[in-house]
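Asks: Could you put the whole structure together from the sequences, leaning on the hints where they help?
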Amino acid sequence: MKIAVCIKQVPVREWQPAVEETRRAIRERDASFEMNEPDAYALEEALRLREQHSGEVVVCTAGPARASQVLREALARGADRGIHVEHDGLTSIGADSFAVAAVLVDAIRDERFDLVLTGLQSDDQGAAQTGVILAERLGLPHATIVMEVQVAAGGLRVKRELEGGWFQWVELPLPALVTIQSGINQLRYATLKGIMAAKKKEIRKVSPGALPAAHVRVVSLDVPRKTKQTQMIAGPASEAAKVLVDKLKNDARVLG
Amino acid sequence: MMLVIAEQRSGRLHRASWEALAAAQEFAAGQPVEALVLGSGVAQAAAELSQAAVGAVHLVEHPALQSYTPDGYVLALQQAFGTLRPEQVFLPHTYQTRDFAPKLAARLDRALITDCVAAKRSDAGASFFRPVYQGKLVAEVAAEGEFPHLVTIQIGAFRSDKVARGPAAAEVKPLAVQLDGSQIRERPEEPFQEAKQAVDLSQAERIVAVGRGIKAQEHIALAEQLAGALGAQLAASRPICDSGWLPMERQVGSSGQTVAPKLYVALGISGAIQHVVGMKGARTIVAINKDADAPIFEIADYGIVGDLFEIVPAMISALEKS
Ligand SMILES: Cc1cc2nc3c(=O)[nH]c(=O)nc-3n(C[C@H](O)[C@H](O)[C@H](O)COP(=O)(O)OP(=O)(O)OC[C@H]3O[C@@H](n4cnc5c(N)ncnc54)[C@H](O)[C@@H]3O)c2cc1C
Ligand SMILES: Nc1ncnc2c1ncn2[C@@H]1O[C@H](COP(=O)(O)O)[C@@H](O)[C@H]1O
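These protein sequence lines map, in sequence, to chains A and B.
Letter 113 of the first sequence, counting from 1, is numbered 112 in numbering that gives the first Met the number 0, and no numbers are missing.
Letter 191 of the second sequence, counting from 1, is numbered 190 in numbering that gives the first Met the number 0, and no numbers are missing.
FYI, nobody ran anything at the bench for these hints, they're computed from the structure.
Predicted model, so just to flag it, every value in this text is computed and none were measured.
Some hints could be false.
As the list claims (entries may be wrong) - Below, computed lysine to any residue pairings styled on SDA-like, alpha-carbon distance capped at 25 Å:
| hint | chain 1 | residue 1 | chain 2 | residue 2 |
| --- | --- | --- | --- | --- |
| 1 | A | K246 | B | D292 |
| 2 | B | K289 | A | Q228 |
| 3 | B | K289 | A | R216 |
| 4 | B | K261 | A | V18 |
| 5 | A | K225 | B | T283 |
| 6 | A | K225 | B | D290 |
| 7 | B | K261 | A | R252 |
| 8 | A | K225 | B | P312 |
| 9 | A | K227 | B | A291 |
| 10 | B | K289 | A | V18 |
| 11 | A | K246 | B | P312 |
| 12 | A | K225 | B | I298 |
Replies: Okay, structure coming up:
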């Protein structure tokens with residue numbers, strides 16, 4: 000099975016994003032980046048499918064030069080080769096889902112993948128649309144928020160997560176696109192051997208020329224406004240804990 | 000015209016459909032809002048929607064829409080939009096919407112703005128507010144290009160009881176679509192729940208919930224001790240259950256349980272929206288997190304910025320003394 004995995008490089012989760020003066024972007028030069036979490040699970044799922052059914056795993060990213068780092072990491076974990084659609088306009092917040100899907104489609108269409116995996120959403124934009132747009136543009140059936148993938152005769156049987164602890168199996172013919180939910184499997188980490196081997200693996204660079212027009216424009220970025228009056232309790236741990244317990248007991252009256 | 004796509008399963012309306020309707024009515028500020036429901040045998044759902052102050056309810060019925068599929072829904076809605084020519088289309092940001100709305104937007108080549116918590120009209124046009132960076136920032140965004148613009152509304156961001164009711168039931172208008180089962184590639188099976196839930200967190204009076212800040216499975220015992228001292232049930236964010244540190248039945252959030260205890264203590268939980276929707280109904284929320292910017296503090300009544308490994312043992316001893 001020939002599998003493509005789309006991976007976005009995103010700022011690390013722990014970072015409180017600093018906003019540029021224009022308020023339309025974050026200060027990327029201050030950020031450290033990592034692989035978008037659900038995309039790591041999508042990669043792991045692809046590697047497991049390859050182990051069971053043989054084939055090839057190709058990792059694809061659309062982003063500035065810095066994004067090649069996530070491809071290297073994916074190659075170190077076992078992917079066979081990478082495709083990097085490189086453009087400075089494909090920033091963390093500025094990369095429009097339609098534009099990303101368009102440049103990825105151009106880069107992978109001719110490869111005729113049997114299966115395309117993406118994460119269910121990005122940790123930065125959280126648009127939850129790029130994978131599904133990609134499916135439509137590639138003419139593929141799709142399923143989203145998937146927690147298990149089985150290969151069946153001529154197609155796939157995937158377990159979609161629904162709300163509130165419900166699930167549903169769906170059959171899809173191949174080729175298809177599936178968006179993967181975090182937690183579908185246990186991730187493997189790169190070994191030293193993997194890291195060495197990755198150095199020899201191919202990353203194909205693609206220059207998309209001008210980016211297609213965006214469908215969504217960022218007007219302004221801000222920190223969220225508080226909806227509640229929070230009493231922050233300061234001081235050393237033992238003091239703060241005492242004050243908290245006292246407040247829960249005597250003000251909020253929520254203890255036994 | 001503004002259109003709201005309601006969601007139904009087995010003919011029953013999803014609660015979030017009313018929230019999307021409330022958002023649309025607020026945004027429309029008196030301009031006409033219409034609603035649409037699609038499926039097979041969903042006339043009752045259309046009748047319920049017609050109680051709201053809407054211009055009309057469009058009823059799209061077809062046997063091929065009996066079970067939800069992205070192919071079926073996109074084909075049907077593409078035709079419905081061709082007839083109705085809506086400007087903004089509001090949908091609830093449910094799992095189902097997430098599955099088909101981007102496909103519909105791509106088919107039409109029109110803008111889609113997801114997971115909105117507020118909308119605004121100004122001379123510069125319409126703009127929408129949505130969380131980004133895991134809720135650490137809010138982005139104001141605008142749609143580019145021609146109508147329709149698709150907008151999905153975050154669950155819980157608007158109140159269903161704010162929906163304006165009409166003086167009389169709105170007209171339900173059947174809208175015919177051409178579909179043929181062979182155009183639908185996905186074969187869905189019946190939805191099911193995994194093993195029966197043994198713990199019903201929705202009834203718990205007090206809950207201690209642990210998140211990734213707990214770091215390792217062996218530290219769960221510390222949270223358990225605090226739960227014991229408070230007379231609370233133990234719950235968790237999703238990554239803790241994904242790792243198998245606690246069973247999935249203890250997961251709180253959009254894909255887990257919804258709880259409303261008197262007291263909810265969040266230990267090392269960042270406060271992502273998918274967690275918060277499951278617990279923001281708690282009466283008193285306590286957040287303990289080492290990151291002062293963590294979004295959980297936005298909804299907390301009491302907050303301590305600090306290391307849970309110092310604060311939790313101190314709480315346990317304070318509780319034992321009191
Ligand atoms: C479709 C979908 C459905 C989802 N459903 C759910 C759901 O039902 N429930 C759910 O919970 N999530 C759900 N999620 C995941 C959700 O988006 C978040 O990823 C998740 O809630 C994050 O869990 P967390 O807060 O434990 O981890 P993180 O976001 O990693 O936060 C860990 C926190 O711990 C703090 N911390 C670290 N060390 C310490 C310390 N020593 N002391 C104090 N604090 C510390 C950090 O500052 C941080 O704020 C869903 C996501 C999607 C896309
Ligand atoms: N720039 C990108 N490069 C590669 N894949 C991407 C990119 N942006 C989004 N994706 C994929 O699309 C998924 C959904 O992203 P989003 O629509 O931004 O929530 C991600 O989990 C990735 O798998």
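Asks: Could you run down the list of hints and mark each one as holding or not?
Replies: Each hint tested on the structure:
Between K246(A) and D292(B) the alpha-carbon distance is near 23 Å, which keeps this suggested pair within the 25 Å criterion. Between K289(B) and Q228(A) the alpha-carbon distance is near 19 Å, which keeps this suggested pair within the 25 Å criterion. For a cut-off of 25 Å, the pair hint linking K289(B) to R216(A) is broken: about 34 Å separates their Cα positions. The straight-line distance between the Cα atoms of K261(B) and V18(A) is roughly 37 Å, outside the 25 Å bound, and the hint therefore fails.
For the given pair, K225(A) sits about 16 Å from T283(B) by alpha-carbon distance, which is consistent with the 25 Å threshold. Between K225(A) and D290(B) the alpha-carbon distance is near 16 Å, which keeps this suggested pair within the 25 Å criterion. Only pairs whose Cα atoms come within 25 Å are accepted, and K261(B) paired with R252(A) is accepted, the gap being roughly 9 Å. This hinted pair does not check out: K225(A) and P312(B) have alpha carbons roughly 29 Å apart, beyond 25 Å.
Taken as a hint, the K227(A) and A291(B) pair is honoured in the structure, with Cα atoms around 15 Å apart against an allowance of 25 Å. Taking the CA atoms of K289(B) and V18(A), the gap is about 22 Å. The hint holds against a cut of 25 Å. At most 25 Å may separate the alpha-carbon atoms for a hinted pair to count; K246(A) and P312(B) meet this at roughly 17 Å. With a C-alpha separation of about 7 Å, the suggested pairing of K225(A) with I298(B) holds against the 25 Å cut-off.
Checked against the numbered hints above, the structure violates hints 3, 4 and 8; every other hint is satisfied.
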